[in-house]
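Once you've looked at the hints, dock chain W against the given chain B.
Spelled out from the first residue to the last, the chains are:
Protein chains: 2
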Amino acid sequence: MRIGILGYGNLGRGVECALMQNPDMELKGVFTRRAPKTVRILTPDVPVYSIEEAEKMQNEIDVMILCGGSATDLPEQTPKYARLFHVVDSFDTHAKIPEHFSKVDTASKEGGKVGVISVGWDPGMFSLSRMYMGAILPEGKDYTFWGKGVSQGHSDAVRRIDGVLDARQYTIPRPEAISAVRGGTMPDLTTGEKHTRECFVVAEEGADLERIEREIKTMPNYFADYETTVHFITKEEMARDHSQLPHGGVVIRSGQTGIDKEHTNLIEYSLKLDSNPEFTASVLVAYARAAYRLGAEGVAGCKTVLDIPPAYLSPMSGEELRKQLL
Amino acid sequence: MRIGILGYGNLGRGVECALMQNPDMELKGVFTRRAPKTVRILTPDVPVYSIEEAEKMQNEIDVMILCGGSATDLPEQTPKYARLFHVVDSFDTHAKIPEHFSKVDTASKEGGKVGVISVGWDPGMFSLSRMYMGAILPEGKDYTFWGKGVSQGHSDAVRRIDGVLDARQYTIPRPEAISAVRGGTMPDLTTGEKHTRECFVVAEEGADLERIEREIKTMPNYFADYETTVHFITKEEMARDHSQLPHGGVVIRSGQTGIDKEHTNLIEYSLKLDSNPEFTASVLVAYARAAYRLGAEGVAGCKTVLDIPPAYLSPMSGEELRKQLL
Numbered sequence: 398m399r400i401g402i403l404g405y406g407n408l409g410r411g412v413e414c415a416l417m418q419n420p421d422m423e424l425k426g427v428f429t430r431r432a433p434k435t436v437r438i439l440t441p442d443v444p445v446y447s448i449e450e451a452e453k454m455q456n457e458i459d460v461m462i463l464c465g466g467s468a469t470d471l472p473e474q475t476p477k478y479a480r481l482f483h484v485v486d487s488f489d490t491h492a493k494i495p496e497h498f499s500k501v502d503t504a505s506k507e508g509g510k511v512g513v514i515s516v517g518w519d520p521g522m523f524s525l526s527r528m529y530m531g532a533i534l535p536e537g538k539d540y541t542f543w544g545k546g547v548s549q550g551h552s553d554a555v556r557r558i559d560g561v562l563d564a565r566q567y568t569i570p571r572p573e574a575i576s577a578v579r580g581g582t583m584p585d586l587t588t589g590e591k592h593t594r595e596c597f598v599v600a601e602e603g604a605d606l607e608r609i610e611r612e613i614k615t616m617p618n619y620f621a622d623y624e625t626t627v628h629f630i631t632k633e634e635m636a637r638d639h640s641q642l643p644h645g646g647v648v649i650r651s652g653q654t655g656i657d658k659e660h661t662n663l664i665e666y667s668l669k670l671d672s673n674p675e676f677t678a679s680v681l682v683a684y685a686r687a688a689y690r691l692g693a694e695g696v697a698g699c700k701t702v703l704d705i706p707p708a709y710l711s712p713m714s715g716e717e718l719r720k721q722l723l
Numbered sequence: 398m399r400i401g402i403l404g405y406g407n408l409g410r411g412v413e414c415a416l417m418q419n420p421d422m423e424l425k426g427v428f429t430r431r432a433p434k435t436v437r438i439l440t441p442d443v444p445v446y447s448i449e450e451a452e453k454m455q456n457e458i459d460v461m462i463l464c465g466g467s468a469t470d471l472p473e474q475t476p477k478y479a480r481l482f483h484v485v486d487s488f489d490t491h492a493k494i495p496e497h498f499s500k501v502d503t504a505s506k507e508g509g510k511v512g513v514i515s516v517g518w519d520p521g522m523f524s525l526s527r528m529y530m531g532a533i534l535p536e537g538k539d540y541t542f543w544g545k546g547v548s549q550g551h552s553d554a555v556r557r558i559d560g561v562l563d564a565r566q567y568t569i570p571r572p573e574a575i576s577a578v579r580g581g582t583m584p585d586l587t588t589g590e591k592h593t594r595e596c597f598v599v600a601e602e603g604a605d606l607e608r609i610e611r612e613i614k615t616m617p618n619y620f621a622d623y624e625t626t627v628h629f630i631t632k633e634e635m636a637r638d639h640s641q642l643p644h645g646g647v648v649i650r651s652g653q654t655g656i657d658k659e660h661t662n663l664i665e666y667s668l669k670l671d672s673n674p675e676f677t678a679s680v681l682v683a684y685a686r687a688a689y690r691l692g693a694e695g696v697a698g699c700k701t702v703l704d705i706p707p708a709y710l711s712p713m714s715g716e717e718l719r720k721q722l723l
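Chains B and W, in that order, are what the protein sequence lines are.
The opening position of the first sequence corresponds to residue 398 in the numbering used here, with each subsequent residue numbered one higher.
The opening position of the second sequence corresponds to residue 398 in the numbering used here, with each subsequent residue numbered one higher.
Please note: incorrect hints may appear among the correct ones.
Quick list of in silico lysine-lysine cross-link-like pairs, DSSO-like style, CA-CA up to 27 Å [said to hold, decoys possible]:
1) W:Lys425 x B:Lys545
2) B:Lys477 x B:Lys500
3) B:Lys669 x W:Lys538
4) B:Lys720 x W:Lys425
5) W:Lys658 x B:Lys425
6) W:Lys720 x B:Lys493
7) B:Lys493 x B:Lys545
8) B:Lys658 x W:Lys506
9) B:Lys720 x W:Lys434
10) W:Lys538 x W:Lys658
11) W:Lys545 x B:Lys669
12) B:Lys658 x B:Lys538
13) B:Lys669 x W:Lys669
14) W:Lys500 x B:Lys658
15) B:Lys720 x W:Lys453
16) B:Lys669 x B:Lys545
17) B:Lys500 x B:Lys545
18) W:Lys453 x W:Lys425
19) B:Lys658 x B:Lys632
20) B:Lys477 x W:Lys720
21) W:Lys493 x B:Lys720
22) W:Lys538 x B:Lys720
23) B:Lys545 x W:Lys669
24) B:Lys538 x W:Lys538
25) B:Lys506 x W:Lys720
26) W:Lys453 x W:Lys506
27) B:Lys669 x W:Lys658
Hint data in this document are derived by calculation from the structure and do not stem from the laboratory.
Isolated chain B (complex conformation):
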């Protein structure tokens, strides 16, 4: 499989690393909006192209992995490139997934290609887990907890406050909420009852720290409904202690079986990631294999993790999988 990476930030670099672990795939090029000469990649002898070159390379690339952002890049890029290549993206604006699906479906069908959208862990593996769990235990309730991990969106929101130079926000699941769910009592919990938020902030010299803390804690949607802790730290501390992008979370379904629903059964799927972007990238790469295989069978159109047979993700044959994994 000949793979292209479009967009070379944390996610694009993660895809590049993941491709090195998959010998059935070959990186053919990285496409960037920056001047290609200024972009150094990790793989020797692989060219960096200007993004404009991509559309001329239909004969060189089977699957284009789109590593742009969900806010402005992917809504435009995925339909555009889905006409030309099999594509995989990590579009994660939950509310806009149906609209994105429909555009990518039209485009990829026009091009006779497969477009796999919203791949990653949430949406992605967490969605898949919720689906399997709910289909197996229809009488029940599921819970998603995020963290401990860095939320880019919340970090950015803090950075926009006047007097803030840099910020990192961690979303932290409440252990007592997880315990309650595991207890099988199926409590009703708001997102704020499930999580706390912790902010590390580098402020400008002489900034009014009390005002900054108040603005964070009262920020609607982002923080107002949460128990939030704010720590002011130095630039050096930020670089030393908060340069990684760990994340994770857990999906739990508590469901009842038996003639009188007398038995409680718990299913959990959890992730503990040292690197959020590298893990997301690893999921994208596995689904690139699926996109290629579906395409080879003549399938066209938009797909999500919910539509794709699990075995299409693996380099192993059906026979090997049955023998070794079933």
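Positioned in the frame of chain B, the structure of chain W alone reads:
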């Protein structure tokens, strides 16, 4: 969907209960080797038939859920009924799955039906988890821990010892082994290093308890390689404390990402089941839906959980799934 249950033990009863939670399915009949009049089922107004009647009911039943045992029932029944109905079974003799697959594949293709085999949690959801995890994090290692739960095979082995009236064996994962795996160090662990075994035994009056305990602890394959504890209890204690069939377990993959494999990522899938047979039954019922849908699309042949697109398990439409779960 019109469903039949063939075999009415713990698993068959579990399927019957699960069907009550799935309004798109209707139980049309239970098929038994016993005299039908002696079998009382839980659902009002559903007939119990002799197993010989099954083959005459091709027009009344879409999916036959086979609830027999893997040792002697399913190797014969699944190929036989796969010619007549879409079928789902829980065949769990891991080493013989390739052979079973091949026979069911031939039979179901002859009948133009779909045969889904080895559905449950291991094989089943655990296999699926191992497959997804391995495809996403190819550089890593996975671990399966079983328990705490009742192992029927080990309980039976103890019951066969001279002087034993009844026995229940619990498989228990070692917490220190789970911790080591979660620590990301990827230790090499034998099954015995991952689990201990605990036996509760009702002995005949006057039996030589020391001999029984020795015979258990030295039994090859079953106990010799494990740290095993034996408790002698009364018949009353057995009935009071050990009448349930709880089980569970966890699949953990520890995998590395990054250019120098500098990041460790953990994926876990775990089950904690009050009722092992009812949970297995719930998985069978979800895959009965998938078998029916694949059949409606003209698919024929043998499938496993690895082959079936996740969305086929859910009563929700693709649109609803994308909106609500993705």
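Results of checking the hints against the structure:
Pair hint lysine 425 of chain W plus lysine 545 of chain B does not hold up; C-alpha atoms about 49 Å apart against a cutoff of 27 Å. In summary, the hint linking lysine 477 of chain B to lysine 500 of chain B is supported, as the alpha carbons are separated by about 9 Å, within the 27 Å threshold. A hinted pair counts as satisfied when its Cα atoms are at most 27 Å apart, and lysine 669 of chain B with lysine 538 of chain W qualifies at roughly 15 Å. Taking the CA atoms of lysine 720 of chain B and lysine 425 of chain W, the gap is near 35 Å; set against the 27 Å cutoff, the hint is violated.
Of the pairs offered as hints, the one joining lysine 658 of chain W and lysine 425 of chain B holds, with about 22 Å between alpha carbons and a cut-off of 27 Å not exceeded. In summary, the hint linking lysine 720 of chain W to lysine 493 of chain B is supported, as the alpha carbons are separated by about 9 Å, within the 27 Å threshold. Straight-line distance between C-alpha atoms of lysine 493 of chain B and lysine 545 of chain B comes to about 26 Å, which keeps the hinted pair within the 27 Å bound. Annotation: proposed proximity of lysine 658 of chain B to lysine 506 of chain W is violated, straight-line Cα distance about 38 Å (limit 27 Å).
Restraint check for lysine 720 of chain B and lysine 434 of chain W: the C-alpha separation of about 42 Å exceeds 27 Å, so the hint is violated. In summary, the hint linking lysine 538 of chain W to lysine 658 of chain W is supported, as the alpha carbons are separated by about 14 Å, within the 27 Å threshold. In summary, the hint linking lysine 545 of chain W to lysine 669 of chain B is supported, as the alpha carbons are separated by about 23 Å, within the 27 Å threshold. For the suggested pair lysine 658 of chain B and lysine 538 of chain B, the alpha carbons sit about 14 Å apart, so the restraint of at most 27 Å is met.
Distance restraint check for lysine 669 of chain B and lysine 669 of chain W: the Cα-Cα separation of roughly 20 Å lies within the 27 Å cut-off, and the hinted pair is therefore satisfied. Proposed proximity of lysine 500 of chain W and lysine 658 of chain B is contradicted: the alpha carbons are some 37 Å apart, above 27 Å. Using a Cα cut-off of 27 Å, the hinted pair lysine 720 of chain B and lysine 453 of chain W is violated, with the two alpha carbons roughly 35 Å apart. A C-alpha spacing of about 8 Å is found between lysine 669 of chain B and lysine 545 of chain B, which places the hinted pair at or below 27 Å, so the restraint holds.
Simply put, lysine 500 of chain B and lysine 545 of chain B have alpha-carbon atoms about 34 Å apart, too far for the 27 Å limit, and the pair is violated. For the proposed pair lysine 453 of chain W and lysine 425 of chain W, the alpha carbon gap of about 13 Å is at most 27 Å, so the pair holds. For the hint pairing lysine 658 of chain B with lysine 632 of chain B, the CA-to-CA distance comes to about 55 Å; that exceeds 27 Å, so the pair is violated. In summary, the hint linking lysine 477 of chain B to lysine 720 of chain W is supported, as the alpha carbons are separated by about 23 Å, within the 27 Å threshold.
Among the hinted pairs, lysine 493 of chain W with lysine 720 of chain B is consistent with the structure: their alpha-carbon atoms are about 9 Å apart, no more than 27 Å. Restraint check: the Cα-Cα separation between lysine 538 of chain W and lysine 720 of chain B comes to about 17 Å, which is no more than 27 Å; the hinted pair holds. Taken as a hint, the lysine 545 of chain B and lysine 669 of chain W pair is honoured in the structure, with Cα atoms around 23 Å apart against an allowance of 27 Å. This hinted pair does not check out: lysine 538 of chain B and lysine 538 of chain W have alpha carbons roughly 31 Å apart, beyond 27 Å.
Taken as a hint, the lysine 506 of chain B and lysine 720 of chain W pair is honoured in the structure, with Cα atoms around 21 Å apart against an allowance of 27 Å. Proposed proximity of lysine 453 of chain W and lysine 506 of chain W is supported: the alpha carbons are some 20 Å apart, at most 27 Å. Restraint check for lysine 669 of chain B and lysine 658 of chain W: satisfied, since their Cα atoms lie roughly 16 Å apart, inside the 27 Å limit.
This entry does not satisfy hints 1, 4, 8, 9, 14, 15, 17, 19, 24, going by the numbered hints stated previously.
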